[in-house]
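Heads up: the sequence shown begins at 3 in the numbering used here, then just goes up one per residue.
Please keep in mind that the hints were generated in silico from the structure rather than gathered at the bench. Please note: incorrect hints may appear among the correct ones.
[Stated by the list, open to error] Pair by pair, the computed Cβ-Cβ distance ranges are: (1) V65 to K45: 27 to 35 Å; (2) G20 to D43: 28 to 36 Å; (3) L15 to T49: 12 to 20 Å; (4) K41 to V65: 34 to 42 Å; (5) M3 to S63: 19 to 27 Å; (6) K45 to A24: 30 to 38 Å; (7) S52 to P27: 25 to 33 Å.
Ideal Cβ placement from N, Cα and C applies to all residues, glycine included.
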Amino acid sequence: MEELVAELGAAFLCADLGVTQALRPDHASYIANWLTVLKADKKAIFTAASKAQQAANYLTSLVGERP
Numbered sequence: 003m004e005e006l007v008a009e010l011g012a013a014f015l016c017a018d019l020g021v022t023q024a025l026r027p028d029h030a031s032y033i034a035n036w037l038t039v040l041k042a043d044k045k046a047i048f049t050a051a052s053k054a055q056q057a058a059n060y061l062t063s064l065v066g067e068r069p
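From just these sequences and the hints, can you work out the full model?
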């Protein structure tokens, strides 16, 4: 679950900072592995997203105000 939190947190921060990433060929298989976890636990995405948002908020707070 920690890896999913990290992936979501990175996505949240990239979106907030306007950073875009090029898709890699292995993204689809990587995400397919997480689909198995998410299908088994219907609350996993909400738990992971909540923790990722908390982490992103914390990291954003460390840099202070942005222009």
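Against the structure, the hints:
no.: 1; hint: V65 to K45: 27 to 35 Å; in the structure: holds (31 Å)
no.: 2; hint: G20 to D43: 28 to 36 Å; in the structure: holds (32 Å)
no.: 3; hint: L15 to T49: 12 to 20 Å; in the structure: holds (19 Å)
no.: 4; hint: K41 to V65: 34 to 42 Å; in the structure: holds (36 Å)
no.: 5; hint: M3 to S63: 19 to 27 Å; in the structure: holds (23 Å)
no.: 6; hint: K45 to A24: 30 to 38 Å; in the structure: holds (32 Å)
no.: 7; hint: S52 to P27: 25 to 33 Å; in the structure: holds (30 Å)
The structure meets every hint from the earlier list without exception.
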